[in-house]
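Chemist: Here's the letter readout for the chains.
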Amino acid sequence: MSDHSGADRLPSAARYVPVDASDARLARVWGAVSERLEQRVKPARRWVWVTAGAVALAAAGAGAFVLVSSERGPSPWEGAAFETEHAPLTVALADGSTMRLDSSSRVEVAGSAERGVHLSLKRGRIECKVTHRRAPSFVVTADGVEVRVVGTRFSVESVREGDASRVEVRVDEGAVEVRSSGRPGEVQRVEAGRTWSQVTRTDPVAKAPAEPEPEPAPVAPSAEVAPPSAPAPDEPSAKPATETARTLLEEANEYRRAGRVADAARAYETLLARHPKDGRAGLAAFELGRLRMDRLGDFAGAIQALERAMTLAPGSGFREDAMARLVTAYARSGNAARCSRARDAYLKRYPEGVHRNTVAKQCGGAP
Amino acid sequence: MTMASTPREPKTKSGAGPTDAALVIAARAGDGWAQEALFQRHSRMALGLAHRLLPGHPEVDDVTQDSFVYALSKLDSLSNPQAFASWLCSIVVRTASKRLRRQRLLVRLGIRRAEPIEPDTVVARSAPPEVMAELRAVYALLAELSVEQRVALVLRRVDGLSVPEVAESMGLSVSTVKRRLKLAEARLERSLGR
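As given, the protein sequences belong to chains A and B, one line each in that order. Here this note's numbering is used: position 47 in the first sequence is 1503, and no number is missing along the way. Here this note's numbering is used: position 93 in the second sequence is 106, and no number is missing along the way.
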């Protein structure tokens, strides 16, 4: 079948049904895709779902579940994750409280014991109806925002919008207390009928500039529950997360797109130094080689990075490009012998390669 | 789906960068960058197809998301890695069809309201008059068709696929698609006054 794989190849009628395929929209979709893919490779939880009337409820687009543990422990809820795809999910807690997870949402039980429940909203929207409680706490966190329940019905929504994340808390009954990781000392009480929201930028490159104003809440907040005028800075505890191979690669790519070549190179180098066995290390080495060669004029450094890229990811899709670049880098650095060897290696491996004409002309002599 | 034989050294259509086959192989080996590269390369195509099948529908992003999650987690079942794009298209078509069936069920149960398609907001104003007339007629008709008729008509009249290609992407036989299209296209021709 036609793969519809580019606007220039679209049939004439299809190109007149335009779609908003902005980078921000696609970034949101990719964020959700990558998160779901990561969840698929995690080990199975120790929970068993028992459905009640699943057929009828599924037809209605909703589910109701009772969670039972396959093993005993002091905190039987802890570690459970609730994730929805196409349909919302309603969960009844033992104390009579209920939570309803919208479709395409995920919440994890970060803690659960007699002292209270702590839910961590990772994506989407959750609506909670909490039985009145005195001592035990019921807490929902999302993107550095903590919502502590006083005894109420409320919802928390976490939305990724391009390079920003927005958390919105809406209270329908009772009241909640909201703490932001950016303002740890402040506690804001949100009463029934009010909404509180906060926008936090996550773009590592554009963190310094002024942030966009938080979106106006559907229900106007009162002065005492007005959203923070400035975005919450990253909390110190989130620091280690910025050092994962994935975030380092994303950060480096952001720097590169922003034209901050030296910063991008440093980020790639950091990734290679700290995560040499990660699957992204080969790509990082290749990108570092490209930067050193094209932008920094450092051919010796480019050679080192490109050779490392081929060692780290010998079967990768960028190997052909890396081998071709290596020929050019040797040629530009004046090493004719290594250039010839690299050229011959490329032409042997890729006799019909896309770079064969360019490569064949390198090193000052016919192959 | 057309499964061309894999060339010995497949090249990208643009002549630069890793091929789809190379990316699929790398992604199968667990390279996250390759998964992301496949997404970056094909997400606009997938989103566009989902939009044409479900114009203005709030779940277009979800269809795109579900399709990529399925495709990237089932790469081992793709016999020809270079055919990733057409395979992804068929996944988008089937995912969108499921959404449409579910949506119609919810409407019948009274749980969700029907969401009418507004042809004027779907079709670009820059379209030539004859193309605009046909696209408007297609999108005005969709709500009255069964899900299979609807999807087949969009793939045939909007995306310009041949009948065998429509059948391949929908997972139906050619004769079934012909029957679905016969009724849909007859109604379309009537609405166009032909």
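It is worth saying that the hints were derived from the structure and are not from the lab. Warning: the hint list may mix true and false statements.
To be verified - Between beta-carbon pairs, the in silico distance windows are:
1. B:E143 / A:T1700: 25 to 31 angstroms
2. B:P129 / A:E1629: 31 to 37 angstroms
3. B:S139 / A:H1542: 31 to 37 angstroms
4. B:S92 / A:A1483: 29 to 35 angstroms
5. A:S1478 / B:A146: 28 to 34 angstroms
6. A:A1756 / B:T134: 18 to 24 angstroms
Said to hold, decoys possible - Sample of chain A residues lacking proximity to chain B, with all beta carbon distances greater than 12 angstroms (derived):
7. R1556
8. G1649
9. E1743
10. S1796
Stated by the list, open to error - To list a few chain B residues with every Cβ distance to chain A over 12 angstroms, as calculated:
11. T32
12. Q48
13. E49
14. H64
15. K111
16. A156
17. S159
18. R192
19. G206
All residues carry an ideal CB built from backbone N, CA and C; glycine is no exception.
Chemist: For each hint, tell me whether it holds in the structure or not.
Modeler: To see whether the hints hold, each was checked on the structure:
| no. | hint | in the structure |
| --- | --- | --- |
| 1 | B:E143 / A:T1700: 25 to 31 angstroms | violated (54 angstroms) |
| 2 | B:P129 / A:E1629: 31 to 37 angstroms | holds (35 angstroms) |
| 3 | B:S139 / A:H1542: 31 to 37 angstroms | holds (35 angstroms) |
| 4 | B:S92 / A:A1483: 29 to 35 angstroms | holds (31 angstroms) |
| 5 | A:S1478 / B:A146: 28 to 34 angstroms | holds (29 angstroms) |
| 6 | A:A1756 / B:T134: 18 to 24 angstroms | violated (57 angstroms) |
| 7 | R1556 | holds (15 angstroms) |
| 8 | G1649 | holds (26 angstroms) |
| 9 | E1743 | violated (10 angstroms) |
| 10 | S1796 | holds (22 angstroms) |
| 11 | T32 | violated (7 angstroms) |
| 12 | Q48 | violated (7 angstroms) |
| 13 | E49 | violated (7 angstroms) |
| 14 | H64 | violated (4 angstroms) |
| 15 | K111 | violated (8 angstroms) |
| 16 | A156 | holds (16 angstroms) |
| 17 | S159 | holds (19 angstroms) |
| 18 | R192 | holds (19 angstroms) |
| 19 | G206 | holds (19 angstroms) |
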